[in-house]
Each structure stands twice: as C-alpha cells, then as structure tokens.
Amino acid sequence: MEQPTPSVLVQLVFLIPAVASILAWLLGRLHRAFAELIGLLGAAGALAVSVVIVGSALRGEILTGWGRELRVDSLSALLVLLISAVGVPAALFSIRYMRHRRLHDAQGRDITDARLPAFYGLFLLFMATMLWGCVTNNIIMLYVAVEATTIASGLLVAFYWDRRSLEAGYKYLMLLTVGITFALFACVLLYASAAPYLPGVNAMLISELRGVAGLIPRSVAIFVVAFLVVGFGTKAGIAPFHPWLPDAHAEAPSPVSALLSGVMIKMAAYALARTVTIFFPAYPALTVFIVVLGSFTMLLGGVMALAQDDLKRLLAYSTVSQMGYVIVGLGFGTYLGVYGGLFHLVTHAAAKALLFLSVGAVIYATSARSISELGGLSRRMPITAVCFFIGAFSIAGMPPFGGFMSKLTIFMAGAGVGMWAAVGVGVFTSLLTLVVVFRAGQAVFWGEPKSAAAALESVREVPASLWAAMVLLAGVCLLLGVYPQLAYPLLNRASLSIAGVLAGH
Amino acid sequence: MPYNARLIETLSMVMIITSVAAVESHNLKRAAAAYCLQALLICGLILAFAVGNPALYIWALVAFITKAVLTPWFMMRYIGKTGEEEVRPIIGFGPSVVIVSVMLVSFYKLTHTYVHVLAPTPESAAGVFRTNLAIALTVFVLGLYAMLSRRDAIKTVIGLCLLENAVHLSLVSLAPNMRETALIGIATEVVVTVYLLLYVISGIREKIGTTDTFELAELHW
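If you read the sequences in order, they're chains A and B.
Counted from 1, the first sequence has number 172 at position 172 by this note's numbering; the numbering is strictly sequential.
Counted from 1, the second sequence has number 165 at position 165 by this note's numbering; the numbering is strictly sequential.
Errors might be hidden in some of the hints.
To be verified - Sample of chain B residues with no beta-carbon within 10 angstroms of chain A, all distances over it, derived:
#1 Leu-7
#2 Gly-44
#3 Leu-61
#4 Ser-106
#5 Thr-113
#6 Val-167
#7 Ile-186
#8 Tyr-199
#9 Ile-208
Stated by the list, open to error - Coverage of chain A stretches by chain B, computed from C-beta distances (three or more under 8 angstroms per stretch; other residues unrestricted):
#10 133-147
#11 160-167
#12 431-441
These are calculated hints, taken from the structure and not from any lab test.
Just so you know, these numbers come straight off a predicted model, no measurement behind them.
Every residue gets a Cβ at the ideal spot worked out from N, C-alpha and C, and that includes glycine.
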C-alpha cells in the first residue's frame with residue numbers, strides 16, 4: 001500500500017508558474033524581454049518540478065500537500081508532466097511568434113510591446129491553473145481550478161482583439177462558464193450525498209469519494225454523472241458540447257492553441273476520468289454510455305474536419321475527434337482501455353501541439369492559414385513541412401509514430417470487451433483523419449502556391465527558436481512510436497490507479 | 001427547525017419577480033439595478049437559512065460583496081460604455097412574460113413534487129429546503145432562458161449571473177456544511193468571469209459598434 005508522503009513539490013509545481021506569471025507581468029513593463037524570459041523560465045521551472053514528481057511516482061510514492069487537499073498519484077504526475085512538457089515548447093515558440101504580428105490601438109499606435117507582458121502573465125497563469133487542477137484532491141477545488149483555466153485563457157483567446165478573436169473570446173467564456181456550472185452542481189451534489197457516509201472525513205476529497213459512490217441514491221447518481229459529463233465534457237470538447245472549441249482554438253494565437261488543444265482539454269478529460277470512473281463499479285452500464293458518446297465525438301469531429309478550409313479550424317475539429325478516442329478508451333473500463341486512453345492523451349498532446357505550432361510557423365511566414373490560399377511551401381520551409389507531416393501521421397495513427405501505438409491499444413481494448421462497433425468507428429475515423437490531414441498537408445506544402453501570399457519571395461523557413469520548439473515535439477512523437485515502452489512505467493501506474501477504482505477498490 | 005418559512009417564501013417570491021424584471025427590462029441600467037435587488041434578496045434568503053447553520057453568515061457576506069456590490073458595479077460601468085438601450089430581442093415583452101410565467105409555475109410545481117429525485121439526503125427534501133431548491137431551479141431556467149432568447153450581449157451576461165445565483169442559492173439546501181473557502185472560491189470566480197465577459201463585450205462594442213449578438217456571426221461551422 002503506497003504511503004502518502006507530504007512534499008512541497010506538490011505546491012511548487014503550480015506556485016512557480018503562478019509567481020512567474022506575476023513577475024512576467026510586472027517586469028515585462030520595463031522591457032518585453034523580461035516577460036519573454038520569465039515566460040520560458042516559469043514553464044521550465046514547472047517542468048523541472050514535474051520531472052522530480054514523476055520520479056517519485058515511479059517509485060510508488062503518493063505525494064500530498066496542505067494536509068490531504070493536494071494529492072499526486074501517478075495519474076496526476078502524468079498530467080503534470082504533460083502540461084509542463086508541452087508548455088515549454090509553446091513558451092519558446094511564443095517569443096519570436098508573438099512579436100511578429102503587430103497590434104495597434106484605436107489611434108493606430110503599435111502597442112504590441114505593451115501587451116506582451118499581459119500575454120506571458122496570462123500564459124503562465126493558465127499553466128498554473130491547469131497544474132493546480134491536476135494536483136488537487138478536493139472536488140470543489142477541482143471545479144474551481146477548471147473554471148480558473150477558462151478565466152486565465154479567456155483573454156488569451158481574445159488576445160488579438162479583432163472582430164473574430166473577440167467573438168471567439170465571448171463565446172468561449174460564455175459556453176464554458178455555463179458548462180462548468182453544471183459540473184459545479186454535480187460536484188456539490190456528489191459532496192452532499194457522500195457526506196453522510198464519510199463522517200469525520202472531509203467528504204470533498206476525491207480519494208475518499210470513490211469508496212462511497214455505490215452508496216449514493218440512484219437518482220442522484222444519475223444526475224451527478226449526467227451533469228459531470230455535460231460540465232467537464234464541455235471543457236474536454238466532447239460532442240455535442242464542443243461548439244466553443246473550433247472558434248477558440250482557431251482564433252487564439254498559435255502557441256495558445258497548442259496549449260488549448262494539447263493540454264487544457266486533456267486536463268478536463270482528467271477531471272472527467274477522476275470523477276466519473278468512481279461510478280463504474282456500481283453502474284456498469286455507464287461504460288456503454290461513455291463509449292457511445294466517445295464514438296459519436298470521434299465521428300463528428302472527423303467529418304467536420306473534412307469540410308474545413310481554415311487550417312486551424314481543421315486542427316480544432318480533429319482535436320474533438322481525437323478526444324473521442326480518449327473517452328472511448330476510458331469508457332471501455334478495463335486496464336487496457338484506460339492505458340490506451342491515457343496513452344492517446346499523451347501522443348495526441350504532443351502531435352496536436354506540434355501541428356498547431358507548425359501551422360503557426362506557416363502563418364508567421366505567409367500570414368495566411370487557408371488551404372485554398374497556400375501551396376508549395378515545402379520548398380521554402382522544409383523543417384516546418386517535415387514537422388507538420390510527422391504530427392499529421394501521428395494523429396492519423398500511422399506507424400512509426402506515437403498515435404499508431406496509442407490507437408492500436410484502444411482498438412485492442414475494444415476487442416477485449418467485445419465492443420466491435422466502437423472499434424469499427426475508430427478505425428473508420430482513423431482513415432478519415434488520414435485523408436483529412438494528408439489532403440491538407442499536400443495542398444499546403446506540395447504543389448504550387450495558390451495565392452500571392454504563399455508565392456512571395458520573402459517566404460522562408462522560420463527562425464530557430466520556432467523550429468526548435470517544433471522539432472522537440474516531433475522528436476517526442478517519433479520516440480513514443482518507436483519506443484512505446486518508454487512511457488510504460490508511468491502509464492502503467494496511472495492506469496492502475498484508475499483501474500483500481502474500476503474494479504471497485 | 002427554527003426557520004421562518006413565511007419569510008423565506010416571501011423573499012423567494014419577490015426574488016423571482018426581480019429576476020423577471022432583470023430579464024425583461026429594456027433599459028440595461030434598470031435591468032442591472034433589478035439584478036442588484038435580486039442579489040440582495042438572495043443574501044436575505046441565505047441569512048434566513050443561517051439561523052439553522054451559522055456557516056451561512058459568511059456565505060451571505062461573500063454573496064453580498066460579489067453579487068450585490070461588485071457585479072452590479074461592473075455592469076453599470078460597462079453599460080455606461082456600451083449604451084443603455086438593449087438591442088431588442090425577437091420575442092417581444094408580451095409573449096416573453098407569458099412564456100416566463102408558464103415556465104415558472106410549471107417548474108415550481110415540478111420541482112416541488114419531484115424534489116426527492118434530486119435531494120442528496122433526506123434532510124434536503126424537507127420543508128423550506130424544498131422551497132429553496134424549487135426556487136433555485138426556476139431562477140436557473142430563467143437565467144438560461146435569458147441567455148438563449150436575448151439578443152443583447154449584456155443581457156446574456158445578466159442571464160449568466162442569474163444562472164450562477166440560482167446554483168449558489170441551491171447550495172444552501174444541498175450543502176449546508178461546505179467549507180467557507182470553497183464558497184469564497186466559487187463566488188469569486190463568477191465575479192471575475194463576469195468582469196472578463198463585460199471587458200470583452202466592451203471590446204466588441206468598440207470594434208463592431210454594437211453589442212448585438214446577431215452581428216457575432218463571423219465564425220460559423
């Protein structure tokens with residue numbers, strides 16, 4: 001039995017970026033370079049702490065903080081590592097990228113440098129709230145953290161402050177706040193109905209709630225699960241609660257899109273996994289419901305992506321589709337299903353962040369992001385092209401990239417429980433995704449430029465800090481595909497922590 | 001139980017009337033004032049329940065600061081920037097009132113009869129708690145109706161505030177023993193979100209010239 005060990009690392013992992021956020025905002029007003037540097041350092045600090053936390057998790061330790069308010073097991077460690085590991089390349093990418101598009105006020109003055117400290121401050125705050133959400137053991141604070149990520153990222157989505165970004169920001173804040181209110185209702189109901197059975201113990205602690213999930217009155221449990229799915233599912237991009245996603249991910253600055261698609265929705269899926277899976281032992285039919293929802297999401301996202309001309313919206317719909325895979329994997333309710341779902345969480349985070357950064361590079365070089373306008377870029381931007389295709393093939397589930405391994409695991413899990421329909425939908429969607437991303441990549445990088453913007457002589461490969469971030473993520477995609485065993489130790493423990501819940505102990 | 005049922009019922013009814021006023025009023029400043037009144041009544045309701053649970057005094061204070069002071073202040077400030085007259089919704093005043101009244105009565109009846117389905121513990125289904133849950137659910141639906149049927153972006157924010165108020169009010173009967181830190185966290189977040197929304201809407205007003213949500217149609221599938 002793993003013994004909980006109090007550790008300051010648990011608080012540090014989100015306090016470092018939180019403090020850095022304030023510093024970036026304050027010191028950035030002296031010179032934007034301070035904001036950029038602190039942005040990178042804050043993310044790197046979180047990564048360093050995450051790596052140490054993962055080390056403890058692999059030794060079987062459970063770290064706690066503030067009594068039992070914060071609790072880091074292998075699953076939390078995995079998410080924490082994921083968030084900071086994607087955050088660092090995104091922060092690196094932001095440095096040159098955010099300087100490139102100049103912002104002007106109503107009088108036409110260039111105010112970019114004045115707004116960058118706010119960008120980095122919010123960026124780090126965004127990371128801090130996500131990290132906090134993954135280490136909290138308190139179900140009400142989980143709601144607070146998820147809502148806090150919306151607050152932190154709301155102004156990031158609207159950052160460019162033009163018509164489209166403002167519209168996206170408005171819808172983002174509105175839809176997510178309403179959605180998360182359902183989750184609040186569910187969390188409170190769960191707490192209140194569990195309270196009589198957990199006397200003397202804080203009934204808000206998720207680690208305690210799993211034991212009493214079966215004792216809650218049936219009708220209340222149904223409401224709780226429904227509202228949790230609506231609430232956290234909205235945030236995780238599950239259909240039919242996904243409409244906020246394409247707008248927000250497309251209009252946000254590319255490094256922010258990488259964080260939104262790459263890690264924020266993963267954190268929401270984590271919240272869903274933590275809270276809904278405690279009901280699986282008492283309500284086995286729930287697994288079917290979750291798998292159906294996931295399959296619907298998979299298919300809808302894939303089909304909608306097919307119809308997109310805007311590269312970023314295409315990627316956003318693809319994100320919806322891939323989250324379907326994660327939900328289906330978790331929904332199968334077996335160790336292999338959970339392993340596949342979590343593995344896909346990791347491979348998709350790396351690949352989707354890579355894709356958004358690659359598209360960001362394209363935007364940086366050509367100021368265009370429509371497939372119908374671009375073409376022939378591989379000649380001028382070879383590194384970006386290679387990175388894009390690596391991400392694309394990983395998303396589509398092609399070997400030797402990570403996505404192939406994670407999807408295969410999910411299909412095997414589906415076969416294991418006999419849900420062949422779900423496997424069929426998954427395979428079909430994979431093929432669909434392959435068509436979508438290949439067609440996009442081919443139209444953008446091969447062939448001839450289809451507009452003046454893409455044919456400009458000035459179009460050339462992006463600066464080193466941009467492609468370095470992309471190459472890093474591309475390396476991860478390749479590594480996970482060729483050596484999936486690398487992720488096994490941590491994924492195994494993380495899956496066991498959920499699978500233990502699923503088995504009813 | 002020392003609850004003053006009459007007081008609670010009276011406060012609840014007036015609170016619903018102010019909620020309807022907040023939704024229907026075409027002058028945004030008056031709508032915000034109606035909302036402020038509604039928030040005050042909610043504080044009153046929480047205080048009425050506090051006799052049975054002293055922790056609720058803190059909740060009432062938090063609710064007062066966030067809902068009755070900060071939120072209306074932000075609203076008034078931004079309404080000053082974006083204009084007082086609401087962009088008229090498609091559903092006019094008359095039909096609106098009818099729809100809202102029908103909804104209110106049916107939801108009140110529904111929740112009062114079926115409260116045991118939702119109540120997490122037997123105590124929550126008793127007497128005044130049942131009234132509270134029923135009221136909270138009706139205001140929730142009212143807020144949702146406002147968000148879906150109003151064309152003016154500021155009105156949708158008022159709808160959101162009503163929705164949140166409803167959920168927070170329901171906490172009184174659902175989770176009377178919840179810790180204050182949790183309540184403070186929940187209430188603060190809504191205020192910050194409302195502020196951000198209003199800030200974004202004022203930006204929209206600057207860039208587009210109106211707060212009409214029908215104009216926010218650049219992004220479609």
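For each hint, the structure was consulted:
1. At roughly 24 angstroms from the closest C-beta of chain A, the C-beta of Leu-7/B stays outside 10 angstroms, upholding its exclusion from the interface.
2. Non-interface status of Gly-44/B relative to chain A is upheld: no Cβ of that chain comes within 10 angstroms, the nearest being about 22 angstroms off.
3. No beta-carbon of chain A comes within 10 angstroms of the beta-carbon of Leu-61/B; the shortest separation is about 19 angstroms.
4. With a least beta-carbon separation of about 19 angstroms from chain A, Ser-106/B lies farther than 10 angstroms from that chain, consistent with its non-interface assignment.
5. For Thr-113/B, the shortest C-beta to C-beta distance to chain A comes to about 14 angstroms, beyond the 10 angstroms cut-off, and the non-interface label holds.
6. Residue-level check failed: Val-167/B sits 6 angstroms from the nearest beta carbon of chain A, not beyond 10 angstroms.
7. The beta carbon of Ile-186/B sits about 7 angstroms from the closest Cβ of chain A, which is not more than 10 angstroms, so the claim that it is off the interface is violated.
8. The beta carbon of Tyr-199/B sits about 8 angstroms from the closest Cβ of chain A, which is not more than 10 angstroms, so the claim that it is off the interface is violated.
9. Residue placement check: Ile-208/B does not keep its beta carbon more than 10 angstroms from all beta carbons of chain A (closest about 6 angstroms).
10. Residues of the stretch 133-147 of chain A lying with their CB closer than 8 angstroms to a CB of chain B number 6, which satisfies the three-residue condition for coverage.
11. Under a criterion of three residues with beta carbons nearer than 8 angstroms to beta carbons of chain B, the stated coverage of the stretch 160-167 of chain A is upheld, 6 such residues being counted.
12. Given a C-beta distance limit of less than 8 angstroms, the hint that chain B covers the stretch 431-441 of chain A is violated, as 0 residues qualify and 3 are needed.
Hint compliance for this structure: hints 6, 7, 8, 9 and 12 are not met, and every other hint is.
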